[in-house]
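*Asks:* Respectively, the protein sequence lines represent chains A, B and C.
Be aware that the first sequence starts at 1, since it is given in our numbering, and climbs by one per residue.
Be aware that the second sequence starts at 1, since it is given in our numbering, and climbs by one per residue.
Be aware that the third sequence starts at 1, since it is given in our numbering, and climbs by one per residue.
Check the hints yourself; a few may be wrong.
Capping the alpha-carbon separation at 25 Å, the derived lysine-lysine pairs in PhoX-like fashion look like this [claimed, not checked]: (1) Lys242/A with Lys107/B; (2) Lys139/B with Lys254/C; (3) Lys107/B with Lys32/C; (4) Lys58/B with Lys435/A; (5) Lys197/A with Lys311/A; (6) Lys198/A with Lys178/A; (7) Lys242/A with Lys139/B; (8) Lys139/B with Lys201/A; (9) Lys254/C with Lys201/A; (10) Lys435/A with Lys71/B; (11) Lys242/A with Lys59/A.
Covered stretches of chain C, going by a simulated chain A footprint (3 or more residues, C-beta under 8 Å) [claimed, not checked]: (12) 110 to 123; (13) 160 to 172; (14) 201 to 208; (15) 216 to 222.
These are computed hints drawn from the structure, not numbers from a lab.
We put the CB at the ideal spot given by N, CA and C, even for glycine.
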Amino acid sequence: MKKIMKHLVMLLMVTAFIVNAVGCGAEQPSNDNTKETTEENKNVVLKVWLPSHSDSENKALKEIFEEFNTSTEGRVKAEYEFIPRGNTFAYEDKVSAAVTSNSLPDVLMMDGPNISNYAYSGIIQSMDEYLSDEELSDFVDSVINQGTYEGKFYALAPSESSVALFYNKKIIDAAGIKPPTKLENAWTWEEFLEAVKKVHKDGEVYGLNIHPDYGTGEWMTYMPTPFVWSNNGSIISEDGLKADGYINSPEAVEAMKVFQEACKYANWQATPIELEEGRAAFTISGTWIIPNWENNYPDLEWGVTFYPYGKTPTSPSGDWSWGVSAQSSHAKEAAEFITFITNTKNVVKFCQAAGKPPARKSSFEIMSEWDEYPRSVLKQQVLSTARPRPKTPAYPVVTQEFASAAVDIVLGADVQERLNQAAEKIDENIRRNYK
Amino acid sequence: MSSRRPGYSLGREKEKVLLGIIFILPAIMLLFAFLILPIFLAFDYSFFSYNILMPHKKEFIGLSNYTDILKDRTFWNAMKNTFYFVILIVPYQSALALFLALLINRKTKATSIFRIGFFSPVITSIVVISILWTFLYSKEGLINNFLGFIGIPPQAFLTSEDQAMNAIIFMSGWQMSGYFMMVFLAGLKEIPAMLYEASSIDGANKIQQLRHVTLPGLVHVIKFVILMTTIQAFKLFQQPFIMTGGGPNGSTETVVQLIYKEGFQYRNAGYSSAIAIIFFVLIIVISIIMQKFLEENESSTF
Amino acid sequence: MFIFTLLIFLLFISPLLWMIISSIKPEQNIFKDMNSLKAFIVINPTLKNYLSALSRVAILRYIGNSLLYIAIITIMGLIINSLCGYALAKLRVPGRKYIIIIIISLIIIPFESIILPLYLIINAFGWANRLPALFMPFIANCFNIYLFRQFFLGIPDELEEAAGIDGASVLQTFITIILPISKTVFATVFILTFVTHWGDFMWPLIVASDDSIRTIQVGLQFFFTDPPILYGDIMAGLTFSTIPLAVIFLIFQKYYVEGISTSGIKG
């Protein structure tokens, strides 16, 4: 026993030592002055929550926040916390927990589709009072659309996102395929399927690569929904309260059958770098893959083309947006903070660090790299074909059920049957929670 | 069990009562504040329609959540999956744990290395394990290569509705057996060495020793492990959550996953709490039955 | 027999081995080597992943934070739970039978189902974002109480009775007779509790977002979700986070070796 106690004491001491000595470890995307409280009451302290982004984005954001704090010295001070997102919805869970105990921050960042859900629940407040029409008109349509709920505007995104069809240029060239670079020539489903089949070689090269996440995150909604939309279908009614007749409509079923067909040429249990290694030709992926390839795979020859469509070219959109919590008593200062971090200059700074398309037209003008191929493809999508995910108070249910259905469809489930099942689950949940 | 014997002073008996209460008090107080109280709160939520983003709209709805659950196919499916998992994993994992413990319950130099090896899946991040097993289970993975070698066509494992749960069971048992191996090892150390000495003097061989010394000596531990494995198996959450997300087609979704999904993702604390309460009551009944069964067999086992 | 044990050993240790080996491989090789035994061989070992991982996330400090709160849980827990387990096994607690059933039943509660109410309680104590939120709910542990109880049951009553006849009080008996022969159990509970809490993710994320008390599992999430997602960095970070567990295990497993010779109950 004495020995055990000795070990325990030793362990405690070592622990205390590590905690103290290594206290100043590596540079962290978080702020050390969150503890400081205001000495004078006139100095408004804004509490800010945001999910941790990439290293370079975190750095840029920190600089922007500090610049804000300097410019409002003695009047407003933003205290920010970068919060890990976890591999699923951990950040959202934390927000939910904070709501129950009235401990939301003044300003919080939320994923695009959550805006309407949060607005419906009354946990964020409208920013109409603080934003001029002139200011808003500089943002791309998809951001305005996404930030609006029942006629009021709630949250601003500094950046946009998009998903397109990327490819390994060597394989595509060898097959003699020339993917379009102009929107008017964008591939239809038939052309897309034909190309995928042509490059697919059993056991050697997969025609398509999709990043599987087993439907536990947002990806399997965000990525495949344009199939449905471009067939003039949708996954939920206009008021966001009915799925039956929408998610399982003939348009949606037809679209998801095409998606299923394409995925027959994909390896579901893909390694994350199948295309990079020349074992997959196409991948449906997001804008974020560009900086990754440029930094980590400089030798990879790649290209990108538009999201293939059924009847109307459509691409997904939506990124993390800034909103003011309903619990905040400093809405004016919060709006000032948000306006500052989403001004033209700061949007450019953030988007350059992120490698994402900006959400402001004036920022696009400064960032000329988006006028050149390959980025021009994504800019055209953001300006002309972008569509935010559906606005519904039941979004968490809709996305989870659709994503699980999409996964099963990839694995070969009967499309009509599986979507009927999703419709039933969503409607049942809406009946219980939102009526 | 402790029994009253003549010759015991009354003072000592009193001390046993007094100290008994003092000894359990700290634990009981902490359990009350951080476990029992939350359960009561959850019980309370289960009668409400309670969207966690809208606490002000919390509304009493009586037993509606309960009646809804009984009609909810997702719930019954999760129940079925959970029971299937429990029934298969308990014998498999407990036997494996005991086997590993017996395998290394010897005093050789290699023993401590083997011990840490068998325990290592427990301390290795579930993320690493699931990446590795996803590869092992993949179409071109090691397991399918091996099956091909002995003439069995490649299996879909994690992407097949019929096999995914079995694949998860196989992996989970392998991963967690080290945990209870440690409990068995601790139990083996408690068996007095003289019993072994005595039996070898009597000329008992290894297998007879196992039957007549080791297993009877482990009886409390075996009961403990079986009961705990059962309870932990009912709480299965992480492995399917990470490896299959509950799919394909809900075939690996467990009740605890459903509790988490309804409560946090779908933000419906009332419904989620009601599932938790039903589940809780059910497992209490099962463990009381098991406890009874195990206690009754106390003297007759082995 | 030895060869057989060795084979099983390799089967069990392979993930740990793969993690360590991948952590010293160049990023591009990790998945390239995956479909063959090359996964377990390093040709060009590099420490680049470690340097990169350490510069991106304050791993050491987060490990320190985790060690601190888990050490509090385990040490306080050993005392409180062993006393409770002993009382339930050997002392005269009124309503003992029912308390035991309640304790077993409480093991069943999936933590996920009480997170919300527990969060409210922690908030009511004013512990949000403070260290007690991390350890207070976990010190008393039904699993450990029950485990202690089962082990103490296995100790023959005669031992304590003998001590009682010699005039030792119950408390003295516990300290001088029971504790010395229960080292292995204490070591087991220590290891198992430590391992269990080392993996905590959801709860620390919700109650401890402040960087000053952020735990290692929460910190590691940066590698998974903040691009660039580099598997080399992930493996390096995970290897780092496994070291404390390995050390704990190596220290405390000694008590398993000593077991037979010293803790055997000799009449």
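*Asks:* At a Cβ distance under 8 Å, does chain A reach at least three residues of the segment 160 to 172 of chain C?
*Replies:* violated (count 0)
*Asks:* Measure nothing beyond the straight line between the CA atoms of lysine 242/A and lysine 59/A; if it is 25 Å or shorter, mark the hint as holding.
*Replies:* Given that 25 Å is the threshold and the Cα spacing comes to 42 Å, the pair is violated.
*Asks:* Does lysine 435/A pair with lysine 71/B here, judged by a C-alpha cut-off of 25 Å?
*Replies:* Answer holds: lysine 435/A to lysine 71/B is near 19 Å, not above 25 Å.
*Asks:* Hinted pair, alpha-carbon criterion (25 Å max): lysine 139/B, lysine 201/A. Please report holds or violated.
*Replies:* Cα-Cα ~16 Å, so holds.
*Asks:* Does lysine 311/A lie within 25 Å of lysine 197/A when you go C-alpha to C-alpha?
*Replies:* holds (21 Å)
*Asks:* Need the status of pair lysine 242/A, lysine 139/B: alpha-carbon distance at most 25 Å?
*Replies:* violated (39 Å)
*Asks:* Is it true that the CA of lysine 107/B sits at most 25 Å from the CA of lysine 32/C?
*Replies:* Distance of about 41 Å is beyond 25 Å: violated.
*Asks:* Please work out if lysine 58/B and lysine 435/A have their alpha carbons no farther apart than 25 Å.
*Replies:* Since the Cα atoms of lysine 58/B and lysine 435/A sit roughly 13 Å apart, the hinted pair holds (cutoff 25 Å).
*Asks:* Would you check chain A against the segment 110 to 123 of chain C, counting CB to CB pairs closer than 8 Å, and say if three or more residues qualify?
*Replies:* As far as the segment 110 to 123 of chain C goes, the hint holds, because 5 residues have Cβ atoms under 8 Å from chain A.
*Asks:* Confirm or reject the coverage of the segment 201 to 208 of chain C by chain A under the rule of 3 or more residues with a beta carbon closer than 8 Å to the chain's beta carbons.
*Replies:* holds (count 4)
*Asks:* Can you tell me if the segment 216 to 222 of chain C counts as covered by chain A, using C-beta to C-beta distances under 8 Å and a minimum of three residues?
*Replies:* Result for this restraint: holds, n = 4.
*Asks:* Measure nothing beyond the straight line between the CA atoms of lysine 254/C and lysine 201/A; if it is 25 Å or shorter, mark the hint as holding.
*Replies:* violated (56 Å)
Of the numbered hints listed earlier, those contradicted by the structure are 1, 2, 3, 7, 9, 11 and 13.
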